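Chains H and G, in that order, give the protein sequences.
Using our numbering, the first residue of the first sequence is number 1, and each one after it goes up by one.
Using our numbering, the first residue of the second sequence is number 1001, and each one after it goes up by one.
Do not rely on the hints blindly, as some may be mistaken.
Said to hold, decoys possible - Just a sample of chain H residues kept apart from chain G, beta carbon distances all over 10 Å, derived:
| hint | residue |
| --- | --- |
| 1 | L2 |
| 2 | G26 |
| 3 | A44 |
| 4 | A72 |
| 5 | P75 |
| 6 | G100 |
| 7 | E117 |
Unchecked claim - If you only want the chain H side, here are some residues facing chain G, beta carbon under 10 Å, derived:
| hint | residue |
| --- | --- |
| 8 | R16 |
| 9 | S74 |
| 10 | L88 |
| 11 | K104 |
| 12 | A106 |
| 13 | T114 |
If you're looking for bench data, these hints aren't it; they were derived computationally from the structure.
A quick note: this is a predicted structure, and the numbers were derived from the prediction, not measured.
C-beta: ideal position from N, C-alpha, C; glycine also.
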Amino acid sequence: MLRVYIVDDSQAVRERLVELLAGLEGVEVAGMAADGEAAMAGIAALRPDAVFLDINLPGRNGLEVLRAVKAAPSPPRVYMLTNYPHPLYWKKCMDEGADGFFDKTAEFHRVVETVRELLRSR
Amino acid sequence: MTRGPLRILLLEDVDTDAELAARELQGLDPPPDIIRVETGGAFLAALSGPSPDVILADYSLPRFSGPEALHLARRHAPEVPFIFVSGAIGEEVAIEMLKGGATDYVLKHRLGRLRPAVERALREVRERRERERMEGELRESHEQLRALAGRLESVREEERTRIARELHDELGQVLTALRIDLSWIDTRFGKDNEQLLAKTRAMVALIEETIGTVRRIAADLRPGILDDLGLTAALEWQAMEFTSRTGIRCGVDVPPELPPVAPEPAIALFRIFQEALTNIMRHAGATTVEVAVRVEEGGIRMTVRDNGRGITEADLRPGRSLGLVGMRERARALGGQVTIEGRQGGGTVVSAVVPTGAGDQPVNTP
């Protein structure tokens, strides 16, 4: 099973992500969080294989979560899923160790593609 | 000015002269209360008490002198008019005394001038006080306006930040959700249904266009980059936007080791940069712009330099451009300043320096 963790402050987006990912064979949504603190705690406790992470979150933002998650030993893959798709954000996230960076609206399909790739590479 | 009698301090050693002076002053309104002293010691003692409204002094006195009295009066009661009442002292001495701070002088053989001289001196004091009061009020109102402008600016900034975030995040999330739902419909029902696919594709295009608009409006209000990535990224972003909009090349030179800048100086510098770019776009006829940021002792300096026609002295005159006033006030509100210099045909340099605001929370520095 590929265990996926979702971080997004919008319930509408979380619900749709879960629906989308849970429908894929071999994928389990291990947990989700709506803010930065909860995300850090949840990811540390559940140790998922992949995280889809929003940048703009209440409290600690996605960049801080990314840095904290990537600082831990054998961290999960982290894919930024954001409505701030500017190249400067992309660069910052890649510098901080993100494994991918998608425009939440225009590149949403990449979530499924990414998960499928991860499943294939296992 | 004073309620009750007019307090007149009279330094005069000759009884008859004192009486004559007192008689001349009878008609004053309010009626005078004359405190007569004859010696330096008594004069000084009188100055140390409640302040007189006018000082009248003889010029030549035994063991004391008019000039000494003037000197003491200037030291202890600089606001009180001082009028010499003397025998002939000569024009040069008279001028010397007026230069030394005496208000007027009246010759003893023309005492008829005494009352008008006192009245005039009192009127001048009243007028000066009134002027000072009005100047004080003007200054105060100026300060209040400035404080109000600063407050409005920061309220506006807070409002813009809030509206930008709400627009971007609330509307953005809903549009994202709709976009995802359309993908879901495509996958579920789109197979072999060209009509449905055409419709959903059109809807997707519309949603993406709307998202683009929402993002643009939000960034115009307040770029999230400034809050999320800090000043350097925000300047880079603004420079890119400017270049893509105007075709004017805009270079950003910021040292990589630039320490985090607190939110207030960061937003001030960012807004000053935007204003400078607006001016360049409208007036400069430039082809390149360079923005450089440097850390200085106690502050951070941003220099925006273009190669346009150069701002003129006339353009810089007060009242010509509210944009320039805005830039200056932004910096001043934080204890910084903005200087703007132009060379004809040699471009314009806007230089803003603001204190880094030690102790404030830095802008998010991921």
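Verification of the supplied hints:
1. L2: About 19 Å separates L2 of chain H from the closest Cβ of chain G, which puts it past 10 Å; holds.
2. G26: G26 of chain H clear of chain G: closest Cβ-Cβ about 18 Å, beyond 10 Å.
3. A44: 19 Å, holds
4. A72: 17 Å, holds
5. P75: Per Cβ check, P75 of chain H is outside 10 Å of chain G; nearest 16 Å; holds.
6. G100: 17 Å, holds
7. E117: Since the minimum Cβ distance to chain G is about 18 Å, E117 of chain H lies beyond 10 Å and the statement holds.
8. R16: Nearest chain G Cβ about 4 Å off; hint holds.
9. S74: 22 Å, violated
10. L88: Cβ of L88 of chain H sits 5 Å from chain G, so the hint holds.
11. K104: 5 Å, holds
12. A106: 6 Å, holds
13. T114: Hint on T114 of chain H: violated, closest Cβ of chain G at ~14 Å, above 10 Å.
Checked against the numbered hints above, the structure breaks hints 9 and 13 and satisfies the rest.
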